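Engineer: Sequence:
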Amino acid sequence: MGLSFCSFASGSSGNCYLVESENTVILIDVGITGKRILAGLEENGLEAGDVDAILLTHEHIDHVRSIRMIGRKAGHAEVYASEGTFAGIEEKLLPRGRWSPVPDEEFAIGDIAVRAFSLSHDAIEPTGYTLRSGGRQVTVVTDTGVVTEEIFEQMKTADLLVLEANHEVNILRMGSYPYPLQQRILGDEGHLSNETAGRVLCSLLDQMHGERIPRVLLAHLSHENNTPQQAYLTVKNILFERDYFVDRDVKLAVIRRDETSPLLEV
Numbered sequence: 001m002g003l004s005f006c007s008f009a010s011g012s013s014g015n016c017y018l019v020e021s022e023n024t025v026i027l028i029d030v031g032i033t034g035k036r037i038l039a040g041l042e043e044n045g046l047e048a049g050d051v052d053a054i055l056l057t058h059e060h061i062d063h064v065r066s067i068r069m070i071g072r073k074a075g076h077a078e079v080y081a082s083e084g085t086f087a088g089i090e091e092k093l094l095p096r097g098r099w100s101p102v103p104d105e106e107f108a109i110g111d112i113a114v115r116a117f118s119l120s121h122d123a124i125e126p127t128g129y130t131l132r133s134g135g136r137q138v139t140v141v142t143d144t145g146v147v148t149e150e151i152f153e154q155m156k157t158a159d160l161l162v163l164e165a166n167h168e169v170n171i172l173r174m175g176s177y178p179y180p181l182q183q184r185i186l187g188d189e190g191h192l193s194n195e196t197a198g199r200v201l202c203s204l205l206d207q208m209h210g211e212r213i214p215r216v217l218l219a220h221l222s223h224e225n226n227t228p229q230q231a232y233l234t235v236k237n238i239l240f241e242r243d244y245f246v247d248r249d250v251k252l253a254v255i256r257r258d259e260t261s262p263l264l265e266v
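Residue numbers (this note's numbering): 1 to 266.
Quick caveat, the hints were computed from the structure, so don't treat them as lab data.
Here the structure is a predicted model, which means the values were calculated and not measured.
Hints may contain errors.
[Claimed, not checked] No farther apart than 27 Å at their CA atoms in a straight line, the calculated lysine-lysine pairs in the DSSO-like style are these:
1) K92 x K73
2) K156 x K73
3) K236 x K251
4) K73 x K35
5) K251 x K156
6) K35 x K156
[Unchecked claim] Cβ pair distances, simulated, as ranges:
7) E211 x G49: 35 to 45 Å
8) L181 x I124: 14 to 24 Å
9) P180 x T227: 16 to 26 Å
10) G175 x H76: 20 to 30 Å
11) S13 x N237: 22 to 32 Å
12) P101 x S13: 21 to 31 Å
13) P180 x S118: 18 to 28 Å
14) L181 x Q229: 16 to 26 Å
15) F245 x S100: 40 to 50 Å
Every residue gets a Cβ at the ideal spot worked out from N, C-alpha and C, and that includes glycine.
Given these sequences and hints, build the entire structure.
Structural biologist: Spelled out as structure tokens, the structure:
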């Protein structure tokens, strides 16, 4: 067995992902209610006590909302994040003995190897994560305004890539958000647009030379400035313009904001 992935929620109102191997259970972010997280675990035949670790990407509330509750329920789970993230949420945390700063190098949680990497977002020290087990890799890249070389290197080897497609630029520009907020979202420390996600995927496929077909899940969609249909269509059209086709060259789907996804075998 390699890895399995399930999204409990993905979007500006809350984020939580489950990554599971044969012997290890990890949550990435706990930004929805504890009740929903427990329900998501139950749907996958798990309970809080089965969770071995919680990885936090950054301190914004839509990623850490239930850290105290789930941390208590998951009694032996270690909490991992950057030093900056911990500094940003210290008042919400469990006793210090329950959390560990992510190291610079790859580290092990049970039979899953984890690598943290830097993101470009308006948080103190945001991180994305790559998880490997059984020869399979899941990489999560959301809440970043740009895709740096370091991020791209992690994406290149992913069998399952969770990639932000937060907004459609024209919808954002014509919408109700005030101009400063629009600029924040569009900036280098904001969020990836559908258009940027599509261009990044083209670059990714350029380097793969058709040697394998990655699975990509578009994630962290804005409720105000995007829809699942719009994100999928924009990315699909950008791929088509470069002669890349969904299902032939890449498996593409969208994670719903408020629904638990099916459990995907990676």
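Engineer: So, for every hint listed, does it hold in this structure?
Structural biologist: Each hint tested on the structure:
no.	hint	result
1	K92 x K73	holds (15 Å)
2	K156 x K73	violated (35 Å)
3	K236 x K251	holds (10 Å)
4	K73 x K35	holds (11 Å)
5	K251 x K156	holds (15 Å)
6	K35 x K156	violated (35 Å)
7	E211 x G49: 35 to 45 Å	holds (41 Å)
8	L181 x I124: 14 to 24 Å	holds (20 Å)
9	P180 x T227: 16 to 26 Å	holds (24 Å)
10	G175 x H76: 20 to 30 Å	violated (45 Å)
11	S13 x N237: 22 to 32 Å	holds (27 Å)
12	P101 x S13: 21 to 31 Å	holds (28 Å)
13	P180 x S118: 18 to 28 Å	holds (25 Å)
14	L181 x Q229: 16 to 26 Å	holds (24 Å)
15	F245 x S100: 40 to 50 Å	holds (43 Å)
In the structure shown, a violation is registered for the earlier hints numbered 2, 6, 10, in ascending order.
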